[in-house]
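> Just so you know, the protein sequences line up as chains L and D, in that order.
Numbering-wise, our numbering puts 27 at position 27 of the first sequence, and it's gapless, one number per residue.
Numbering-wise, our numbering puts 1027 at position 27 of the second sequence, and it's gapless, one number per residue.
Hint data in this document are derived by calculation from the structure and do not stem from the laboratory.
Please read all numbers here as calculations on a predicted model, not as lab measurements.
One or more hints might be untrue.
[Said to hold, decoys possible] If you want a taste of the chain L side facing chain D, the calculated C-beta under 10 Å gives, among others:
#1 TYR35
#2 ILE55
#3 PHE74
[Unchecked claim] The following residues of chain L were derived to be distant from chain D, with all beta-carbon distances above 12 Å:
#4 GLU62
#5 GLN104
#6 ARG111
[As the list claims (entries may be wrong)] Cross-link-like lysine-lysine pairs, in silico, DSBU-like; alpha carbons within 30 Å at most:
#7 LYS1056(D) x LYS68(L)
#8 LYS1002(D) x LYS78(L)
#9 LYS68(L) x LYS78(L)
#10 LYS1067(D) x LYS24(L)
#11 LYS1042(D) x LYS68(L)
#12 LYS1042(D) x LYS78(L)
Yeah, the Cβ is synthetic: ideal placement off N, Cα and C, and Gly gets one too.
Chain residues, written in single-letter form:
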Amino acid sequence: DAGVIQSPRHEVTEMGQEVTLRCKPISGHNSLFWYRQTMMRGLELLIYFNNNVPIDDSGMPEDRFSAKMPNASFSTLKIQPSEPRDSAVYFCASSIGTSGSNEQFFGPGTRLTVL
Amino acid sequence: QKEVEQNSGPLSVPEGAIASLNCTYSDRGSQSFFWYRQYSGKSPELIMFIYSNGDKEDGRFTAQLNKASQYVSLLIRDSQPSDSATYLCAVTSGNQFYFGTGTSLTVIP
């Protein structure tokens, strides 16, 4: 089992550029979560999907952020335009079931730096 | 007020001692409670979960839940240097999943 796969692992970009983060959940998991982690704010849930459908996106900071899950094996988180305050580690996690009460398995994260 | 509060530490204990990590939450209707461990530069991994009041033991780890006090804790017995990490408390409330900012634990050999 490959676990949750995220790409890229590191991304450095300039302010104003579009950034796309990618995630492949564990096969058979039907919930997918996107988190952002910073020293100041800790781990914040941005959005999560059940069976490819967005359930709660109240954590998405603003319209510059968007997330999609076109099928059960792929999701993207896009930031357009990016800003320096978006610099953080972005984690994708997946779990079995749809209640949010099951163990979440985290990917290795994408470290984003916006200059 | 944050949904989940943890003392950021750092907490230092000598090897072999008991480490006690604490977490409070604001939503009395919260249903599920988790402890994740995160090593520096790595992703969080689940250590324990607890749903009911009382204690739940798994090896050297014990999770304690007190819903009346809205308090959940994690005890690590016989602490080892390999336990040095940040410990994240997580709580589910309705469709939401909240993490605390974590407590940094250092076990001194």
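> In ascending order, which of the hints set out earlier in this document are inconsistent with the structure?
3, 5, 6, 7 and 10
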